[in-house]
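Student: Each chain, letter by letter, is given below.
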Amino acid sequence: MESSQAFERDLSQLLPRLRRFAHALSRNPADADDLTQGTVERALRSREQWEPGTRLDSWLYRIMRNLWIDTVRSRGRREIHEAPEDEAQTVGSDPRDALDASLELQRAMAAMERLPDEQREVVSLILIEGFGYREASEMLGLPIGTVSSRLVRGRTALLGMLSGAADG
Amino acid sequence: MVEEEKFFAWLDGELTAEEAALVEAEVVADSQLSRLAEEHRAMATGLRNAFGTVEAQQVPERLRQSIEIDRGKKVVSLADARASRGVRRAPSLWAQMGALAATLAVGIVTGNMLSIGFLPGGASDPIQTEAGRLVASADLENALYAQLASARDESGPRVGLTFRDKSGAICRTFEDRAASGLACREGGDWRIRSVFQGSEGQSTDYRMAGGPNPRLLEEVDAIIDGEPFDAAQEKAAAEKGWR
Chain R
369 MESSQAFERD
379 LSQLLPRLRR
389 FAHALSRNPA
399 DADDLTQGTV
409 ERALRSREQW
419 EPGTRLDSWL
429 YRIMRNLWID
439 TVRSRGRREI
449 HEAPEDEAQT
459 VGSDPRDALD
469 ASLELQRAMA
479 AMERLPDEQR
489 EVVSLILIEG
499 FGYREASEML
509 GLPIGTVSSR
519 LVRGRTALLG
529 MLSGAADG
Chain C
848 MVEEEKFFAW
858 LDGELTAEEA
868 ALVEAEVVAD
878 SQLSRLAEEH
888 RAMATGLRNA
898 FGTVEAQQVP
908 ERLRQSIEID
918 RGKKVVSLAD
928 ARASRGVRRA
938 PSLWAQMGAL
948 AATLAVGIVT
958 GNMLSIGFLP
968 GGASDPIQTE
978 AGRLVASADL
988 ENALYAQLAS
998 ARDESGPRVG
1008 LTFRDKSGAI
1018 CRTFEDRAAS
1028 GLACREGGDW
1038 RIRSVFQGSE
1048 GQSTDYRMAG
1058 GPNPRLLEEV
1068 DAIIDGEPFD
1078 AAQEKAAAEK
1088 GWR
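Top line first, the protein sequences correspond to chains R and C. Throughout the first sequence, residue numbering follows this note's numbering, covering 369 to 536 in sequence. Throughout the second sequence, residue numbering follows this note's numbering, covering 848 to 1090 in sequence.
Calculated directly from the structure, the hints in this document are not laboratory data. Take the hints with a grain of salt, since some may be wrong.
[As the list claims (entries may be wrong)] Every beta carbon over 12 Å from chain R, so not counted as near; a handful from chain C, in silico:
(1) 851
(2) 852
(3) 854
(4) 865
(5) 867
(6) 870
(7) 902
(8) 992
(9) 1016
(10) 1036
(11) 1070
(12) 1084
(13) 1090
[What the hints assert, rightly or not] Footprint (simulated), chain C over chain R, 3 or more residues, beta carbon under 8 Å:
(14) 385 to 392
(15) 397 to 411
(16) 416 to 429
Ideal Cβ positions, reconstructed from N, Cα and C, are used throughout, including at glycine.
Take these sequences, add in the hints, and give me the full structure.
Tutor: As structure tokens, this is what we get:
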């Protein structure tokens, strides 16, 4: 059936973006690919719940976010925000160093690691994935004011971590 | 001073034109705010660029496979499977041929029957006949032997899934513009188990093509033992000569 094939094709095309969001949520490449795979499997199983004509990307991001919450819960990973002290220092390392792309990614993931979950998901959706406030609030099931205030806190913390040595 | 959330909403383009103009005027007049806006813009750009490297990476094969495997199951299980592109385009003769190839020594399938479709023909055909048997062409043989699905190139036969069948033999699916099929190791050779008409007429860009014939995936489902190989297992099997 055409619509079934279209669904799979669109899902395939969204894989790079899903992986990007998964990296931002999980801050770990292995977890990110497991999370992406879990999302794909869940999406395929519940594909009839997606309404054609609505945005597939938002629907998939919502599945991924819920799956990540389940994963964290089942693992009982409470240690997530406790980045070690020395890591905190490398996060603010001199940006004039010629860091290659993977180091930039590690640095960004280390900074994201130190945000509370609820700020990280808002920062990921809006600053990295480029969704609007309204779209993010619908995806997360949160009032837009909550999204906006979490975003302010999250990005302010990130600026402190990532741009500490921005000038000079 | 402009309220913090409003400042960021302005930065993110979330305000109406009217509101934005008001905030902008304040920012322009305040060097500290201007500087903060610049810092946040640069930080967001850096963050996007850093995570953009993930988006630019090649998607791991296992993720693509989880969609392809599902496609096989799904389409086959749907009542309207015949309406699907691959099946509709495949004359029933091809299905019969696939079944023959799977169950018989393929001596029967020769001459006239083969000339109906893509077999045999130019040197670029993936499958040829040799003493009444279907054999892989040199190109396909090379692809089956050497190609890792995780590192495929864009031309020539393309290897898809690699797995062990219930008898313990390693099998690999392949796809060409003209045909898709399944080959398994038998006595040190790649033996063609089945062949389906391919995605002829579709885009020549494999990434845009509809994927393997659903019947092929149905057959894989029927004979596979466990899960398809991931990239590491595939590589290990290649190093051991597919034994």
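Student: Could you run down the list of hints and mark each one as holding or not?
Tutor: Each hint, compared with the structure:
1. With a cut of 12 Å on Cβ distances, residue 851(C) falls inside the contact zone with chain R, its closest approach being about 6 Å.
2. With a minimum CB-CB distance of about 5 Å to chain R, residue 852(C) fails to clear the 12 Å threshold, and the non-interface call is violated.
3. The non-interface label for residue 854(C) is inconsistent with chain R: the shortest C-beta to C-beta separation is roughly 9 Å, within 12 Å.
4. Remark: the non-interface label on residue 865(C) is consistent with the geometry, its nearest Cβ contact in chain R lying 18 Å away (cut-off 12 Å).
5. For residue 867(C), the requirement that its beta carbon stay farther than 12 Å from each beta carbon of chain R is met, with the minimum near 14 Å.
6. Remark: the non-interface label on residue 870(C) is consistent with the geometry, its nearest Cβ contact in chain R lying 14 Å away (cut-off 12 Å).
7. Remark: the non-interface label on residue 902(C) conflicts with the geometry, its nearest Cβ contact in chain R lying 4 Å away (cut-off 12 Å).
8. For residue 992(C), the condition that its CB be more than 12 Å from all CB atoms of chain R holds, with the nearest at approximately 27 Å.
9. Every beta carbon of chain R lies more than 12 Å from that of residue 1016(C), the smallest distance being close to 27 Å; the non-interface claim holds.
10. With a cut of 12 Å on Cβ distances, residue 1036(C) stays outside the contact zone with chain R, its closest approach being about 33 Å.
11. Every C-beta of chain R lies more than 12 Å from that of residue 1070(C), the closest at about 22 Å, which supports listing it as non-interface.
12. No Cβ of chain R approaches the Cβ of residue 1084(C) within 12 Å, the least distance being about 21 Å, so the stated non-interface status holds.
13. Once the 12 Å rule is applied to beta carbons, residue 1090(C) is consistent with being away from chain R; the minimum gap is 29 Å.
14. With a threshold of 8 Å between beta carbons, the proposed coverage of the stretch 385 to 392 of chain R by chain C holds, since 5 of its residues qualify and at least three are required.
15. Remark: the stretch 397 to 411 of chain R is confirmed as covered by chain C, as 6 of its residues place a Cβ nearer than 8 Å to a Cβ of that chain, reaching the required three.
16. Counting residues of the stretch 416 to 429 of chain R whose beta carbon lies closer than 8 Å to any beta carbon of chain C gives 0, which falls short of the minimum of three for the stated coverage.
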